[in-house]
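Engineer: Chains as they are written, first to last, in the working numbering: chain A, 1 to 283; chain B, 1 to 435; chain C, 1 to 295.
Because the hints were derived from the structure by calculation, they are not lab data.
Where hints are given, some of them may not hold.
[Claimed, not checked] Short, incomplete list of chain A residues facing chain B, as computed with Cβ under 7 Å:
1) L113
2) I131
3) E135
[Claimed, not checked] With a cut-off of at most 27 Å between alpha-carbon atoms, the simulated DSSO-like pairs for lysine-lysine come out as follows:
4) A:K174 - C:K53
5) C:K5 - A:K138
6) B:K247 - B:K429
7) B:K429 - C:K53
8) C:K53 - C:K41
9) B:K435 - C:K5
10) B:K435 - B:K247
11) B:K346 - B:K199
12) C:K231 - B:K435
13) C:K231 - C:K5
14) C:K98 - C:K231
15) B:K299 - A:K60
16) A:K107 - C:K5
17) B:K299 - B:K429
18) B:K247 - B:K199
19) C:K5 - B:K429
[To be verified] A few chain A residues facing chain B, derived, Cβ under 8 Å:
20) I30
21) N238
22) R270
The model shown is predicted, which means the values in this text are computed figures rather than measured ones.
Just so it is clear, CB atoms sit at the ideal spot from N, CA and C, and this is done for glycine as well.
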Amino acid sequence: MSTTALSKPLRRLPFQWRHLLYLPLILMSIFYLIPLYLMLTTGLKGFEEINLQTMWDLPKSIRFDNFIAAFQTLAPYMWNSFSMVIPAAIISSFLGSINGFVLAKWKFRGADLIFPLILFGMFIPYQSILIPLVEFMKTINMYGGLPGLVLAHVIYGIPITTLTFRNYYASLPKELVEASRMDGAGLLGTYWYILLPLSWPSFVVVLIWQFTSAWNDFLFAVVLTNPQAWPITVALNNMAGSQIIAWNIQMAGSFLAAVPTLLVYIFLGRYFLRGLMAGSLKG
Amino acid sequence: MSKKSISWTLVTVLVILSFVLSGCTTPTPVATQAPAATDAPVAAADQVEVFSWWTGGGEAAGLEAMIAIFNARYPNIEFVNAAVAGGAGTNARAVLATRLQAGDAPDSWQGHAGQELIGTYVAAGQLEALNWLYEQEGWLEVMPQTLIPLISQNGNIYSVPVNIHRANVMWYNPAILSANNIAVPTTLDEWITAMDTLKAAGITPLAMGEQWTAMHLMETILLGSLGAEKYNGLWDGTTDWNSAEVKTALENFAKVLSYTNTDAASLSWQDAAQLVVNGQAAFNVMGDWAEGYFRELGKVPQTDYGWAPVPGTNGNFQFLSDSFVLPVNAPHRDAAVNWLIVCGSKEGQDAFNPVKGSIPARSDGDRSLYGTYLQSAMDDWATNTVVGSLAHGVVANDSWKSEIDTALGLFLASPDAGTFQTALVAACKASGPCK
Amino acid sequence: MSKNKDTVLSIALVTPSIVAVGIFIYGFIAWSVRVSLSNWKGLLPDYSWAGLKNYINLFSDPRFLVDVRNTVVFTVIFVLGCLAVGLALAIMLDQNLKGEAFFRSLFLFPMAISFIVTGVVWRWLMNPAAGDRMSGFNLLFSNLGLDFLVNSWHLTPRWGMAAIALAAIWQMSGYTMALYLGGLRAIPDEIREAARVDGASEFRIYTNIIFPLLRPVTLSAMIILGHISLKVFDLIIAIAGKQLPLDVPAIYMWQTTFDGYFFSRGAAIGILLLLSVAVLIIPYLYYTLRSEAEI
């Protein structure tokens, strides 16, 4: 079904018009790329070249020492980020998939009430629950390290992952599940052999979504982890420190911190869009 | 088919990777500090976790210098530097507040000496009194008499101050002043006349930055308008916030604000201070950490920048101080005490302060380590009347200061001294000593 | 028999999530409600009953009123901006142009980056300084001869929030574009063909046929964007720092809680935020779940 959704449509406007469309598209592309341009060029400049009045200028020479310096500072924290984000994304995706399956295709009494209650959790302002969160994590002995941070991302990811999978599964025909039941397959069998193989568009969407939101998170990370377990966002924030900020190193570090999520979008962006178009995040 | 199998391989690989990674992470010894023995349950191991918001520049370098001394003296204690940056310590304070709520205090943390510590942590019974340590180390003899009451309550001393900063400093650009035939102003009236001249000449008279720097400016104008005694009275309830003198002081503040740059709200304190040394503004009011910044920029004292007390505050030293504390139930109490001993030692303070750009809280610092400006500050510290800073936690507790900050924000948005005064009276009633 | 077993199993499978959500979301909300009804101020918990005092005070608090206005301005500009830019980009990309995949990925990438990373760049871009200190967009405009575009961005009196919304639109409009593109691609070509046969102009096809069909997408996008805008926090801090003209409830909550240790007031702001989200979301949930049940 995803292939039909992505199939290229017919030409929709007369030929000579169509090429004019490149003008606004390219202008918008420039707008989207401006922050990236500034991050990269500033990261390549020497400290004495940094000046707000010359921010648009290209660097006088290409030098990578800022990137090396930033990488040396950030590398251990980047590893922390990876070892937190990957389990968090995968575990919450599977939880969402199972919830979505049960709530869409294997409903029990009350399932229709459970779903909106779970969904509502997406909208909670996280700043207001930091204190009970830290207290609770401390009680269950999950405070300070990466496992606790993984747990927080998994749990606060449940609403969005459940929503994505439930809507996707709801769009699949009923007959799929009924046929499988006729064949005598149970709940797990139906999930494992029928639905799971069809789920990859949603998995890609949810994995990417969770990966980026956990990677970019600062709030949970700064209150739930101790210095040994800090992910990269906290370390990056600390680089800015005080007094004179070495903007070139800071920008190089910012860029490095964004590289993993950028790579995910560059290489998996197609699948993400395909998943979105296949109805994953729609109404 | 092939597409499907690729994506499934991908998912499988990710699942396996995730289990491998989560398996690895349980005992995370990844940090940079200590390569040696850091097992997850460290309760018994010798360690000291020190919390601060010193992560960059001279502050971080000064902290590192003290850590080096600590490591040399106590090689068997691992020092965990839990510094969190951001928002003038706001992120750090949020982290600290949540940790304290959860009963997970660090072994020691940074706080501004004065009401910030007393009104918040001492009031909540979180800190251990340190009188015995002061006696044991002989600090009562070397720390200034005026400082001790500000870090004490009911005769108990609650923190070890590392440094002293001065808040009421006016920085100026000597070239701009001489080009406009302006002598360094010493009274508010002279200052305003000078700024009128500069404004007419098309020069930005006074550089200011984001909202907290406006509070910093306000406290110096309050001091300059009211004098030390009445200024102190604002904070202990003996000066009436509703009085005509306070009204005049606030009107002075409004007047001075009218000389500031229009883009103040978008500038950090560094940006604002830099306008002076770059010749784009004549004056800037900022604490003496600005001097460390100017030197880092390669500027020369007396040539690129000059300094004087904020007009009207001659003879007063409006101070703030960073200090470290010993929490009740510190996880590694002995190690924490050792850290405090380093903080209060001459060696520790003389390592920290020249790098941070502040003067030692001890009066026996080695003068030769400090530059021209800091030596003059050491002289003033010894001779001037000492008053505390509002913006930096000395005179008002955090709730009160936060209410004043809100009132100030509303005032900056629509300047009306009357409304501002009413809000300040209400703030003192709600969170200060006023009845 | 096996059906019963499966029902038990299905409940068992979702139970961990329900328990987790129950504690981490509803438990914590309950805690916040309780704190918001107390007098807690200072580091020590104080659960003494204060009734609705904190809420009543907020409604006469000039700062909170500024916050409400700012949130409305931001939400309207941000949501409408994302929808307009997203829809325009989606319609353009739907024309089967060469390089579509490239543009799609490019428009989507900002949502991959957090404001911890890009905040400083936006701060530079929207620098309002004039004269020889001019920089950022203003400098660019001035050099391109577009001086009429030079403005003071987030320091513009009363409408500074619009500048902040611009950075937020940068981040989320690509995502809106993706949603719309999915919606457009889901519309069968036959419908357009039929309209063309009937002699409808391309313009009429969009206004009379395509846009009505995209309504559900618009609604979903509005919900997602709307709740993002109610929670906006680090974007403003990164660009403008903490200053009252650009204050929003999330910042007030943070400052009053962690700078002023006014826990009860902070909790009350949090609950009001949640309630305003609920006003937005509950009719939506009701509507979508009901229309689903009808099918």
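Engineer: Compare the distance between the alpha carbons of K247 (chain B) and K199 (chain B) with 27 Å, and conclude whether the hinted pair is satisfied.
Structural biologist: Status holds; Cα separation ~25 Å.
Engineer: Can the hint on I30 (chain A) be confirmed by a CB-to-CB distance to chain B that is less than 8 Å?
Structural biologist: 24 Å, violated
Engineer: For the pair supplied as a hint, K346 (chain B) and K199 (chain B), is the alpha-carbon distance within the 27 Å limit?
Structural biologist: Violated: K346 (chain B) and K199 (chain B) sit about 47 Å apart, past 27 Å.
Engineer: Is the hinted pair K429 (chain B) and K53 (chain C) satisfied, with a Cα-Cα distance of at most 27 Å?
Structural biologist: 17 Å, holds
Engineer: What's the verdict on K231 (chain C) and K435 (chain B), does the C-alpha distance respect the 27 Å limit or exceed it?
Structural biologist: 37 Å, violated
Engineer: For the pair supplied as a hint, K5 (chain C) and K429 (chain B), is the alpha-carbon distance within the 27 Å limit?
Structural biologist: 65 Å, violated
Engineer: For the pair we were handed, K231 (chain C) and K5 (chain C), check the Cα-Cα distance against 27 Å.
Structural biologist: 43 Å, violated
Engineer: Would you settle whether the hint for R270 (chain A) is holds or violated, based on the nearest Cβ-Cβ distance to chain B being less than 8 Å?
Structural biologist: 11 Å, violated
Engineer: Is K299 (chain B) within 27 Å of K60 (chain A), Cα to Cα?
Structural biologist: 24 Å, holds
Engineer: Using 7 Å as the Cβ threshold, decide whether I131 (chain A) counts as touching chain B.
Structural biologist: 5 Å, holds
Engineer: Against chain B, run the beta carbon of E135 (chain A) and see if the smallest gap drops under 7 Å.
Structural biologist: Holds. Min distance 5 Å.
Engineer: For the pair supplied as a hint, K299 (chain B) and K429 (chain B), confirm whether the alpha-carbon distance does not exceed 27 Å.
Structural biologist: 45 Å, violated
Of the numbered hints listed earlier, those contradicted by the structure are 1, 4, 5, 9, 11, 12, 13, 14, 17, 19, 20, 22.
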